[in-house]
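Below are the chains, spelled out letter by letter.
Number of protein chains: 2
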Amino acid sequence: MKKNNQDKLLVFALGGVGEIGKNMYVIQYNNDIVVVDAGLKFPEEDMLGIDIVIPDINYLVDNLDKVRGIVITHGHEDHIGGLPYVLKQLNVPVYGTKLTLGLIEGKLKEAGILGDTKRILINADSEIQLGTIRTTFFRTNHSIPDSVGVCLETPEGNVVHTGDFKFDHTPVNDQFADLQRIAEIGKRGVLVLLSDSTNAERPGYTPSESNVGVQLEDIFRKSAQRVVVATFASNVHRIQQIINASIATNRKIAVVGRSMVNVVNIASELGYLHIPEGMIIEPEEVNKMAADRVVILCTGSQGEPMSALTRMARSTHRKVDILPGDTVIIAATPIPGNERYVGRTVDELFRLGAHVIYGPGSASGVHVSGHGSQEELKLMLNLVKPKYFIPVHGEYRMLRQHATLAEEIGIEQENIFVIDNGDTVEFQNGVARKGNKIQAGNVLIDGLGVGDVGNIVLRDRKLLSQDGILVVVVTLSKQDGTILSGPDIISRGFVYVRESEGLLDEANKIVSTTLQKLMNDKVNEWASLKTNVKDALGRFLYEQTRRRPMILPIIMEV
Amino acid sequence: MKKNNQDKLLVFALGGVGEIGKNMYVIQYNNDIVVVDAGLKFPEEDMLGIDIVIPDINYLVDNLDKVRGIVITHGHEDHIGGLPYVLKQLNVPVYGTKLTLGLIEGKLKEAGILGDTKRILINADSEIQLGTIRTTFFRTNHSIPDSVGVCLETPEGNVVHTGDFKFDHTPVNDQFADLQRIAEIGKRGVLVLLSDSTNAERPGYTPSESNVGVQLEDIFRKSAQRVVVATFASNVHRIQQIINASIATNRKIAVVGRSMVNVVNIASELGYLHIPEGMIIEPEEVNKMAADRVVILCTGSQGEPMSALTRMARSTHRKVDILPGDTVIIAATPIPGNERYVGRTVDELFRLGAHVIYGPGSASGVHVSGHGSQEELKLMLNLVKPKYFIPVHGEYRMLRQHATLAEEIGIEQENIFVIDNGDTVEFQNGVARKGNKIQAGNVLIDGLGVGDVGNIVLRDRKLLSQDGILVVVVTLSKQDGTILSGPDIISRGFVYVRESEGLLDEANKIVSTTLQKLMNDKVNEWASLKTNVKDALGRFLYEQTRRRPMILPIIMEV
Numbered sequence: 015m016k017k018n019n020q021d022k023l024l025v026f027a028l029g030g031v032g033e034i035g036k037n038m039y040v041i042q043y044n045n046d047i048v049v050v051d052a053g054l055k056f057p058e059e060d061m062l063g064i065d066i067v068i069p070d071i072n073y074l075v076d077n078l079d080k081v082r083g084i085v086i087t088h089g090h091e092d093h094i095g096g097l098p099y100v101l102k103q104l105n106v107p108v109y110g111t112k113l114t115l116g117l118i119e120g121k122l123k124e125a126g127i128l129g130d131t132k133r134i135l136i137n138a139d140s141e142i143q144l145g146t147i148r149t150t151f152f153r154t155n156h157s158i159p160d161s162v163g164v165c166l167e168t169p170e171g172n173v174v175h176t177g178d179f180k181f182d183h184t185p186v187n188d189q190f191a192d193l194q195r196i197a198e199i200g201k202r203g204v205l206v207l208l209s210d211s212t213n214a215e216r217p218g219y220t221p222s223e224s225n226v227g228v229q230l231e232d233i234f235r236k237s238a239q240r241v242v243v244a245t246f247a248s249n250v251h252r253i254q255q256i257i258n259a260s261i262a263t264n265r266k267i268a269v270v271g272r273s274m275v276n277v278v279n280i281a282s283e284l285g286y287l288h289i290p291e292g293m294i295i296e297p298e299e300v301n302k303m304a305a306d307r308v309v310i311l312c313t314g315s316q317g318e319p320m321s322a323l324t325r326m327a328r329s330t331h332r333k334v335d336i337l338p339g340d341t342v343i344i345a346a347t348p349i350p351g352n353e354r355y356v357g358r359t360v361d362e363l364f365r366l367g368a369h370v371i372y373g374p375g376s377a378s379g380v381h382v383s384g385h386g387s388q389e390e391l392k393l394m395l396n397l398v399k400p401k402y403f404i405p406v407h408g409e410y411r412m413l414r415q416h417a418t419l420a421e422e423i424g425i426e427q428e429n430i431f432v433i434d435n436g437d438t439v440e441f442q443n444g445v446a447r448k449g450n451k452i453q454a455g456n457v458l459i460d461g462l463g464v465g466d467v468g469n470i471v472l473r474d475r476k477l478l479s480q481d482g483i484l485v486v487v488v489t490l491s492k493q494d495g496t497i498l499s500g501p502d503i504i505s506r507g508f509v510y511v512r513e514s515e516g517l518l519d520e521a522n523k524i525v526s527t528t529l530q531k532l533m534n535d536k537v538n539e540w541a542s543l544k545t546n547v548k549d550a551l552g553r554f555l556y557e558q559t560r561r562r563p564m565i566l567p568i569i570m571e572v
Numbered sequence: 015m016k017k018n019n020q021d022k023l024l025v026f027a028l029g030g031v032g033e034i035g036k037n038m039y040v041i042q043y044n045n046d047i048v049v050v051d052a053g054l055k056f057p058e059e060d061m062l063g064i065d066i067v068i069p070d071i072n073y074l075v076d077n078l079d080k081v082r083g084i085v086i087t088h089g090h091e092d093h094i095g096g097l098p099y100v101l102k103q104l105n106v107p108v109y110g111t112k113l114t115l116g117l118i119e120g121k122l123k124e125a126g127i128l129g130d131t132k133r134i135l136i137n138a139d140s141e142i143q144l145g146t147i148r149t150t151f152f153r154t155n156h157s158i159p160d161s162v163g164v165c166l167e168t169p170e171g172n173v174v175h176t177g178d179f180k181f182d183h184t185p186v187n188d189q190f191a192d193l194q195r196i197a198e199i200g201k202r203g204v205l206v207l208l209s210d211s212t213n214a215e216r217p218g219y220t221p222s223e224s225n226v227g228v229q230l231e232d233i234f235r236k237s238a239q240r241v242v243v244a245t246f247a248s249n250v251h252r253i254q255q256i257i258n259a260s261i262a263t264n265r266k267i268a269v270v271g272r273s274m275v276n277v278v279n280i281a282s283e284l285g286y287l288h289i290p291e292g293m294i295i296e297p298e299e300v301n302k303m304a305a306d307r308v309v310i311l312c313t314g315s316q317g318e319p320m321s322a323l324t325r326m327a328r329s330t331h332r333k334v335d336i337l338p339g340d341t342v343i344i345a346a347t348p349i350p351g352n353e354r355y356v357g358r359t360v361d362e363l364f365r366l367g368a369h370v371i372y373g374p375g376s377a378s379g380v381h382v383s384g385h386g387s388q389e390e391l392k393l394m395l396n397l398v399k400p401k402y403f404i405p406v407h408g409e410y411r412m413l414r415q416h417a418t419l420a421e422e423i424g425i426e427q428e429n430i431f432v433i434d435n436g437d438t439v440e441f442q443n444g445v446a447r448k449g450n451k452i453q454a455g456n457v458l459i460d461g462l463g464v465g466d467v468g469n470i471v472l473r474d475r476k477l478l479s480q481d482g483i484l485v486v487v488v489t490l491s492k493q494d495g496t497i498l499s500g501p502d503i504i505s506r507g508f509v510y511v512r513e514s515e516g517l518l519d520e521a522n523k524i525v526s527t528t529l530q531k532l533m534n535d536k537v538n539e540w541a542s543l544k545t546n547v548k549d550a551l552g553r554f555l556y557e558q559t560r561r562r563p564m565i566l567p568i569i570m571e572v
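Chain order of the listed sequences is B and U. Each residue of the first sequence is one higher than the one before, counting from 15 in my numbering. Each residue of the second sequence is one higher than the one before, counting from 15 in my numbering.
Hints may be right or wrong, so weigh each one.
Any copy will do: because identical chains look the same in the list, a pair fits if it lies in one copy or spans two.
[As the list claims (entries may be wrong)] Here are the simulated DSS-like pairs of lysine-lysine, each with C-alpha atoms no more than 30 angstroms apart in a straight line:
hint, residue 1, residue 2
1, 121, 80
2, 392, 236
3, 102, 22
4, 132, 112
5, 548, 476
6, 523, 544
Keep in mind that the hints were calculated from the coordinates and are not lab data.
Isolated chain B, as found in the complex:
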């Protein structure tokens, strides 16, 4: 392809830097934009009442005519969860492998846009042309099958995006990463590598998923009663190993939890899960079988309040009880922020008399990460041998650690770009530099509202959550300068009213006195009355309680 001096390649993140998730990287060559992934993230703890967070895609909407498609590397929520929202603003084709598209289709159906969305099935051998950008793929290992990395060939040079990956030399179902193809891509020359930084802080190698299978079979065999295993629903390889261990130990499997049932169905239909006839039993049948012939596969490995395992632990599950002597395996590591939820679930399970196998300390190998550790990240860097490097997917400290690894394998420090969402890296005539900043950020989703909850609303929720609210209602006669009715004080989330009558009576008096004085002084502008009531009452309550509830004066005048 011809190329002139004005031609330019841009690489930037709309999501993927910062708290886990919400991955979205963008490659633009002149008038062709390819988006890699469209994930969501779960709200940070100060985003009160928010359900999920997606990337701000205003840049893409403004350049809609240039967007050639969204390429999805794998079917995890933090890579596909934003699609239902993004596609409503940006109806462009979505490219994904079979399982990935299967999972996406479920989401689009729920959102009512399945019919409107062009979905294009790819496999690791596909070659697609996205405008001037020829796009190929390579198989990777990750904690979900059918994950790929992407090679985007532009006239300015080749861009490689790894997606999430590890190198598993003994993968489940022989799903090897394609080392040869990655090496070949590297040999042909790579301008810039974007590589997964999730485990950049972790030395060594991430163990193989197969290790988990050995361990599970051993535990299944030694357990005299039922075995309950909680893991991520999307970890189809893990589920396959749980099935294999069940076969080997002559146990049947009950599948419990909506998303687990859902993924088991999709993955078996699409051929990613091999379940012999008669292996699966209904949860209702569990109690009819000998305890040592049963495995219960369920959701809840993160201690999520409404999940199957949490309900079992609290003895509120409709179909399954945990009995003393049962073995419960939590085959997952808590995502940061979930440690206490998981801890509480483990506590409850112990109280019920279960043997619980959990956590990094005593987990004895029932979980391995889906992300490569430092040695694997260096292997990827050495296979791809890029000129420039952009660490992706991770908090800033992980990106920095990944940058350090890249320096260690010999990439020049000035050829490494640690970027924030919205930072662009510009490649022109073989040279890279930081480009202009583009709009990027969080769009908060609360119920049906997309972006309608902003800082003011969040600040109010924060205030309300700390000390509650007092509504003060009073009716004044402007002419007479007297209080006709009230003040009535209604409080929510401040104090337990029945036990604080004295305090609220005093508060009432403060309001009356304040208003009466103002009216006597002929101050009767509405705003001034309100401000004075707020101040006087706020001061009094702070003195009495050291709390600062929100105060909402409602002053009616007749």
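Given chain B, work out where chain U should sit, using these hints.
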């Protein structure tokens, strides 16, 4: 001492089981009650707006005439933080070692009850008589100096409470645990051991605090610029090692952060910290000195929003800036729940160009735990050789793991009591059994309020935090059956009003229509009007937004 068949020893927890902290165990022999520790805990994430949590001590208040004193094992918040509240209800003598009392006195002074509280200084060799209970002590190792375990000798048998402990064979300042005395106590015969379970999930031995010193000196020496070290203010041994490493590497120390300054002062005055003349410089002097001659010792190892390190990381500290190339050491492990705060601080420090040494992965030994791991817990069990065992201090799963360790060293399963707060273990005529449950629980402190925030208030705060509140104000004429003014809708924390005018206009109409219809139907009981407005508006808003704000109808009638 004579003893008859009715005599009885009770052991129970008022705090110490469940989320970290709030430790308080009670030993009662007939009419003599001894309390061990009076800690606080920090609120769980669903205790919105709560500052701290202390144990419910109603049992002690009801038996005030029997309480002989509160024995404090060491000066950590989770062992002394409840004292200002407890002593207001229970004015009994407090026993503690020198540093422990020093820290307690600061608290009591702040609470204005220092003069009213009888404080009795003990050391590891003290023997005190608390009614019929002869009490002796033994030195332990922990992450604060001057920590002790307690031996309570009752006619029914001896009770040993370890406090928090580890076994450090190379302790800082030669503060060895008194292995000989513990062994001697064991040899004389122990009825029941209460032992710290914090690290019962962790295999092996906890490394010595001295290891940290070696590491710190190495880092100090290799750093070409300033070194910032954040650690727990109360970890006086750690601070001593930071001082020693500074001396060895010819650096001066600036102390930053209120609690760090406070502890450094108290600990030096009392002789627990040896600081050569001229070592300490003012924070203001830092910028005048060569960068490789300075150490900044500060608070903020947990990423606490208002702490010194967090301010430095955000470039909002008044006196100290982090410069590119500075080394920052976070010499602590995040307490569960604080991981994200610490992560964000590390991110910010990296953004400023600092080298950051943090976290278990890459910490390279800049922190060790103050609690013994499994081998140390077994060593304690074997030294004390108790007949009965009660694991203390920890979440339920940790207590269970500790119980398993006790079984492993040969204690009969039926002689091990894993108890919840309020469960009693009764010892009578040499036999132990579970006794009656007594009142125990959490008392929530919010500002000056002690226990005035209960479930209803917390539920309201939760609701308010999720979707905010709508106050609907309307004035009706009962006689005419018409709406005189309003409805006016005031919202807080629901939607950003300026961008949702259409929604709120609609909501207004719903309220009007609902009220008008009711009045036309001659339904005009106040309660019924309110309920109907709430229901209709709630339904409408949920349909439109999938949110459920709190709705507060204020209906005035004239």
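We went through each hint and held it up to the structure:
no., hint, in the structure
1, 121 with 80, "within (25 angstroms within a copy, 65 angstroms between copies)"
2, 392 with 236, "between (39 angstroms within a copy, 26 angstroms between copies)"
3, 102 with 22, "within (29 angstroms within a copy, 73 angstroms between copies)"
4, 132 with 112, "within (14 angstroms within a copy, 74 angstroms between copies)"
5, 548 with 476, "both (19 angstroms within a copy, 24 angstroms between copies)"
6, 523 with 544, "both (16 angstroms within a copy, 26 angstroms between copies)"
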